[in-house]
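Trainee: Given next are the chains, with one letter for each unit.
2 protein chains.
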Amino acid sequence: MENLDPFLEIAHKLADAARPVVRKYYRTPVAVDVKADDSPVTIADREVERTMRDILNAELPDHGILGEEHGRENTDAEYVWVLDPIDGTKSFISGKPSFATLIALCHNGKPVLGVIDQAITDERWVGVMGQASTMNGVEISARECEDLDRATFFTTAPELFTGDSQKAYAAIAEKCRVPMYGVDAYAYGLTALGLADTVVEIGLQAYDFCALVPVVEGAGGVVTDWSGTALTMDSRGDVIASGDARCHQDVLTTIKAAMA
Amino acid sequence: MENLDPFLEIAHKLADAARPVVRKYYRTPVAVDVKADDSPVTIADREVERTMRDILNAELPDHGILGEEHGRENTDAEYVWVLDPIDGTKSFISGKPSFATLIALCHNGKPVLGVIDQAITDERWVGVMGQASTMNGVEISARECEDLDRATFFTTAPELFTGDSQKAYAAIAEKCRVPMYGVDAYAYGLTALGLADTVVEIGLQAYDFCALVPVVEGAGGVVTDWSGTALTMDSRGDVIASGDARCHQDVLTTIKAAMA
Chain A
23 MENLDPFLEI AHKLADAARP VVRKYYRTPV AVDVKADDSP VTIADREVER
73 TMRDILNAEL PDHGILGEEH GRENTDAEYV WVLDPIDGTK SFISGKPSFA
123 TLIALCHNGK PVLGVIDQAI TDERWVGVMG QASTMNGVEI SARECEDLDR
173 ATFFTTAPEL FTGDSQKAYA AIAEKCRVPM YGVDAYAYGL TALGLADTVV
223 EIGLQAYDFC ALVPVVEGAG GVVTDWSGTA LTMDSRGDVI ASGDARCHQD
273 VLTTIKAAMA
Chain B
23 MENLDPFLEI AHKLADAARP VVRKYYRTPV AVDVKADDSP VTIADREVER
73 TMRDILNAEL PDHGILGEEH GRENTDAEYV WVLDPIDGTK SFISGKPSFA
123 TLIALCHNGK PVLGVIDQAI TDERWVGVMG QASTMNGVEI SARECEDLDR
173 ATFFTTAPEL FTGDSQKAYA AIAEKCRVPM YGVDAYAYGL TALGLADTVV
223 EIGLQAYDFC ALVPVVEGAG GVVTDWSGTA LTMDSRGDVI ASGDARCHQD
273 VLTTIKAAMA
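Line order of the protein sequences matches chains A and B. Sequential numbering of the first sequence, starting at 23, is according to our numbering. Sequential numbering of the second sequence, starting at 23, is according to our numbering.
One should not assume that every hint holds.
Which copy is meant is left open, because identical chains are indistinguishable; a pair holds if it fits in one copy or across any two.
As a list, the in silico DSS-like pairs of lysine-lysine whose alpha-carbon atoms are at most 27 Å apart [said to hold, decoys possible]:
no. : residue 1 : residue 2
1   : 35        : 112
2   : 197       : 46
3   : 197       : 57
4   : 46        : 132
5   : 57        : 278
6   : 112       : 189
7   : 132       : 189
8   : 189       : 46
9   : 189       : 35
10  : 132       : 278
11  : 278       : 197
12  : 132       : 35
13  : 46        : 278
14  : 197       : 35
Read the hints as simulated data drawn from the structure, not as lab findings.
Work the whole structure out from these sequences, hints included.
Mentor: This is the structure in structure tokens:
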């Protein structure tokens, strides 16, 4: 793998370009379309992704791109950028500043660089494989948490969980110390800051989770799917991110027991 | 009732004094104590309320005070200030900027002035009986929403609802267009801004809801308890706030049917 520093510069350039577009549409009456998967999309999502793709096409024409709104380009390439222009579109539409622009770089499918950018609160988390993660340039680290009983647990909404996964959610919400809701990718940023302990979600797409992996891991945390396997661009989208490996193991055990 | 303008000035003074204290403790490792009702409290909650009480005692010694952390003083007075130094202490502890300082003035028990202040995102909602509500000094208004089927519905967490009220929550979450979670009093601010349609909660205390009433009503919305009765300082703490009276009525009907 090449030195990632030049790619990190590009990632910052993408996030810098996304911000004015996000701010332009924030809390304005944008039209909301509903996509095939029933999720909402606005002109802001589309324009932010277009802006980032134009930069990547110009600067790194050999790299692939997988984006939420404008699909796949050259995704068999060694390096693929995985983009969610506005993760938490429902929050964006409601004027709640917990959505984020997610930017990941995958090397042979593995997330090696991630940015979580919140344009309204002016917060940018950066994770690069093998380096300490940062928030607004300051090194951050996750906190200790021995087990789920002591954990602040985040998930976006109980409605994420359907079928058997409802049992897993119910067991986690019951066992944890504090269940918290509603902040999309921002919850992973709080975990990397040592302010939350575990985030459990399901039904995510590559563009929802790839950027989170280097941020949480570079803060000393762990990110896997619900079976404990590391995430790649092709993972299913059941995600656990924890600040402490012991709590992470407890979540895995709790899920396995609940769904047995 | 006296002219409320001088009291509004005092309310701003309280919110201005609360902000630096909130900011001083935000995302720092504050000790968390658990109160008799199992809710958390930090030095930030206590110091913010102390700061506001000192101002009220000095400026309006004849007025009563009811605060979350330091109890009741002279609450039989004609005017009583109802204070929640940090509504959403769990969010505050998790570093999530959706908590708020809530300041209400009640006249003979009825909320006539309310402030919702978010110190980190720098947002202040103000409602005064008989006047248009404002956010950061700009007039705001709720939006139209014919019924719950078209509504963005907010509540803090499903765990708020126990016993029979779980049926009401389930019916609302099922019927609404988008269920959203996790932002405490901020959700009422979003409703007053015309970005959300209805907030339904239960088990609140006077200091959780009094400030919200003038803000939402002054933006054209409606706030009642679950039976449709206007809220006073002595209400039970089951709350519905909606931007449009038609949606509000639909929520009332849905609750009644679910709990019948």
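Trainee: Run every hint past the structure and note whether it holds.
Mentor: Tested hints:
1. 35 to 112: Cα proximity of residue 35 and residue 112: one copy only (25 Å, versus 35 Å across).
2. 197 to 46: neither (42 Å within a copy, 32 Å between copies)
3. 197 to 57: This pair counts as between: shortest inter-copy Cα distance 20 Å, intra-copy 35 Å.
4. 46 to 132: neither (33 Å within a copy, 39 Å between copies)
5. 57 to 278: The answer is neither: 33 Å in one copy and 34 Å across copies each exceed 27 Å.
6. 112 to 189: Both ways: residue 112 and residue 189 sit 25 Å apart in one copy and 25 Å across, limit 27 Å.
7. 132 to 189: neither (30 Å within a copy, 44 Å between copies)
8. 189 to 46: neither (41 Å within a copy, 40 Å between copies)
9. 189 to 35: Intra 42 Å, inter 49 Å, cutoff 27 Å: neither.
10. 132 to 278: Classified as within; 25 Å inside a copy, 52 Å across copies.
11. 278 to 197: Classified as within; 14 Å inside a copy, 32 Å across copies.
12. 132 to 35: within (22 Å within a copy, 53 Å between copies)
13. 46 to 278: neither (45 Å within a copy, 42 Å between copies)
14. 197 to 35: neither (42 Å within a copy, 42 Å between copies)
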